[in-house]
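There are 2 protein chains.
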Amino acid sequence: MLTFDLLKQSPECRARLGTITTDHGRITTPIFMPVGTVGSVKALTSQDLEACKAQIILGNTYHLYLRPGCEVISHMKGLHRFIGWDKPMLTDSGGFQFFSLAKLAKFKDEGVAFQSHIDGSRHFFSPEKAVDIQMILGSDIMMSLDWCMGYPATEKQAMEALEKTTAWANRGYDHWQAQGAVNNLFGIVQGGMFKHLRTLSAQQLLEINFPGFAIGGLSVGEPKDIMYEMADHTLPLLPAHKPRYIMGVGTPEDLVELTGMGCDMFDCVMPSRNARNGQLFTSFGKVNIANEKYRFDESPIDDTCSCFTCKNYSRSYLRHLHKARELLAYRLHTIHNIHYYLDLMAQMRHAIEKDAFLTFKKTFYAKREPAATKEN
Amino acid sequence: MLTFDLLKQSPECRARLGTITTDHGRITTPIFMPVGTVGSVKALTSQDLEACKAQIILGNTYHLYLRPGCEVISHMKGLHRFIGWDKPMLTDSGGFQFFSLAKLAKFKDEGVAFQSHIDGSRHFFSPEKAVDIQMILGSDIMMSLDWCMGYPATEKQAMEALEKTTAWANRGYDHWQAQGAVNNLFGIVQGGMFKHLRTLSAQQLLEINFPGFAIGGLSVGEPKDIMYEMADHTLPLLPAHKPRYIMGVGTPEDLVELTGMGCDMFDCVMPSRNARNGQLFTSFGKVNIANEKYRFDESPIDDTCSCFTCKNYSRSYLRHLHKARELLAYRLHTIHNIHYYLDLMAQMRHAIEKDAFLTFKKTFYAKREPAATKEN
Numbered sequence: 152m153l154t155f156d157l158l159k160q161s162p163e164c165r166a167r168l169g170t171i172t173t174d175h176g177r178i179t180t181p182i183f184m185p186v187g188t189v190g191s192v193k194a195l196t197s198q199d200l201e202a203c204k205a206q207i208i209l210g211n212t213y214h215l216y217l218r219p220g221c222e223v224i225s226h227m228k229g230l231h232r233f234i235g236w237d238k239p240m241l242t243d244s245g246g247f248q249f250f251s252l253a254k255l256a257k258f259k260d261e262g263v264a265f266q267s268h269i270d271g272s273r274h275f276f277s278p279e280k281a282v283d284i285q286m287i288l289g290s291d292i293m294m295s296l297d298w299c300m301g302y303p304a305t306e307k308q309a310m311e312a313l314e315k316t317t318a319w320a321n322r323g324y325d326h327w328q329a330q331g332a333v334n335n336l337f338g339i340v341q342g343g344m345f346k347h348l349r350t351l352s353a354q355q356l357l358e359i360n361f362p363g364f365a366i367g368g369l370s371v372g373e374p375k376d377i378m379y380e381m382a383d384h385t386l387p388l389l390p391a392h393k394p395r396y397i398m399g400v401g402t403p404e405d406l407v408e409l410t411g412m413g414c415d416m417f418d419c420v421m422p423s424r425n426a427r428n429g430q431l432f433t434s435f436g437k438v439n440i441a442n443e444k445y446r447f448d449e450s451p452i453d454d455t456c457s458c459f460t461c462k463n464y465s466r467s468y469l470r471h472l473h474k475a476r477e478l479l480a481y482r483l484h485t486i487h488n489i490h491y492y493l494d495l496m497a498q499m500r501h502a503i504e505k506d507a508f509l510t511f512k513k514t515f516y517a518k519r520e521p522a523a524t525k526e527n
Numbered sequence: 152m153l154t155f156d157l158l159k160q161s162p163e164c165r166a167r168l169g170t171i172t173t174d175h176g177r178i179t180t181p182i183f184m185p186v187g188t189v190g191s192v193k194a195l196t197s198q199d200l201e202a203c204k205a206q207i208i209l210g211n212t213y214h215l216y217l218r219p220g221c222e223v224i225s226h227m228k229g230l231h232r233f234i235g236w237d238k239p240m241l242t243d244s245g246g247f248q249f250f251s252l253a254k255l256a257k258f259k260d261e262g263v264a265f266q267s268h269i270d271g272s273r274h275f276f277s278p279e280k281a282v283d284i285q286m287i288l289g290s291d292i293m294m295s296l297d298w299c300m301g302y303p304a305t306e307k308q309a310m311e312a313l314e315k316t317t318a319w320a321n322r323g324y325d326h327w328q329a330q331g332a333v334n335n336l337f338g339i340v341q342g343g344m345f346k347h348l349r350t351l352s353a354q355q356l357l358e359i360n361f362p363g364f365a366i367g368g369l370s371v372g373e374p375k376d377i378m379y380e381m382a383d384h385t386l387p388l389l390p391a392h393k394p395r396y397i398m399g400v401g402t403p404e405d406l407v408e409l410t411g412m413g414c415d416m417f418d419c420v421m422p423s424r425n426a427r428n429g430q431l432f433t434s435f436g437k438v439n440i441a442n443e444k445y446r447f448d449e450s451p452i453d454d455t456c457s458c459f460t461c462k463n464y465s466r467s468y469l470r471h472l473h474k475a476r477e478l479l480a481y482r483l484h485t486i487h488n489i490h491y492y493l494d495l496m497a498q499m500r501h502a503i504e505k506d507a508f509l510t511f512k513k514t515f516y517a518k519r520e521p522a523a524t525k526e527n
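Quick mapping for you: the protein sequence lines, in order, are chains R and S.
Going by the working numbering, the first sequence opens with residue 152, and the numbers climb by one from there.
Going by the working numbering, the second sequence opens with residue 152, and the numbers climb by one from there.
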């Protein structure tokens, strides 16, 4: 089982510094996990990720189960070896994809029946099966099968999803224990946008001895202030001596805000997906590289950035690659955005260590150009 | 102007070993030039190309003229600096693209009127303009504007294209001289699939003091034996003390055959384009990575290959990336294929040096699996 060491609790706010030690090595928190959906952080190799100082990446169980499938990954002795990544890895349970991607997902007491978004083939995930698959993947941190909902949802719907999530968490945990409790399994707090349901969900999950806890069902379409309100309400309910992970969030501003509330782990497709659309993150806000104003611009995306892309290429060239839809654009932009996210986390860890998180936060916002910040 | 040093003439056949020295460094011939169509060898960085031991790359004037355009490249002080490649570069003249890609190209005495394949905009290339644009690109080796034809073509058509090509070669050369004769300009032999016209074209071009000569209009749909016949006929007509370049060719087998006939330079989109389609070149023939038989295959594409892809990834993983259309597949496959082509040339240079080209050729064919070779 993992070890979580709380190295420092900020005296200024709820932000905290820690380490998580797994069988594949130690990571320092707060941390961002690049998303390697289907066995690849899109367009990047492990070497690229290491150059960006990635400490842990995320894989999507739903995607990997469908392609290449458990048979292949089992034969290749796990996802780490299959994709060539020897550092820690976290996999989700599929819960979010059943909600967002799969066709005709039917949530039953027993589990989720769904059709593949690729070929329409029929499948069934139980909480036990979600654990089994993740054990085949060999992820250092596995996630319980949860019931994720969109926004808005009624209190009744949220309550139903919460109850199912708790029942599945218990079943998944028991199954994991029965299988020898290898690696780690985290529970996921649901409860929609209802504080009392978030409280209830947390209470129920805390009765299970998970090595870490996540908050799911955020960033599903709700206004930003509600997302912050839910996170701010829920994070303190989770035990201080275990890692806290907010799933699927978010913008650079979200990472700063939620780190300040005491969140330790993040993942989001935003840096990689937006990179592919030519939207680049910088210390002064967003850069839409397709913009005509970069046509003759010899400077890097961000003068203060030390990533491979900024050290080697001009905005003018990157804009050209993007406009011409050259494959190289996807890699160079993704490297920059992933580097930006990971460097932002490193800056926050440094600030927490120096008791300077609030100063960091002030500078972070001050540097951003009003228009660019507004765009977020 | 470039220096061509003929280091060795094989005693076994017409194959030869040489060096070409340009302002951006020295390359050893026979050589293959990866094609960086629109300012990028698709999916690769300069670092990737250097890891594959690329000595020179090719850019397409037609594509670069349309995107990003001369204004941008001029502002960025040339293509080398724009794309971050500081070794030699060759650019074609646009002649092949007018034939193969542009809309409604009209060949007139003055030059070629055409419409962009991207937005239909109207443009005009004269032989002088083709030189001017390539001077802005700053290519180490520029190509004369030529008139390229498809196959089949009548003798009359071939003669007309030949005459235009010679006239344009003279005009381009005079213009280049008048502009200070910076860098280098090569002439292009045309003449379709008619030996006497190839002879005539070569005779006319040899009257112009080009620093090197190319054979154009091959690999345009003609049967392989005719292509070899034309190359075999034309190569000896070109001066031994200047580089000889066959444009747009070809398969690994073509490179071996044509090197044996005394060709020094090659370019082709085949290694990069086929890579993106999942067709990989190996010492034992082609590998179609999508094939079901590679699903559980833990071995690299080619056990004897030392490229980044073969050193790090299994066929099983590469097949998965290809099937899932992951961006990473394009880069990994392109690295392998470009490495294969460049390593093949290195092997041939070594064999020529050791007076063992024919032995090399025998081994080259013996290693290839019958089915795979047939597939070529």
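Think of the hints as simulated: they come from the structure by calculation, not from any bench.
From the three backbone atoms N, C-alpha and C, an ideal C-beta is built for every residue, glycine too.
Treat each hint with caution, since some may be false.
Unchecked claim - Computed from the model, here is a short list of chain R residues facing chain S with C-beta under 10 Å: (1) SER191; (2) ALA194; (3) PRO390.
Evaluation of the provided hints:
1. SER191: Holds, about 5 Å.
2. ALA194: holds, 4 Å
3. PRO390: violated, 38 Å
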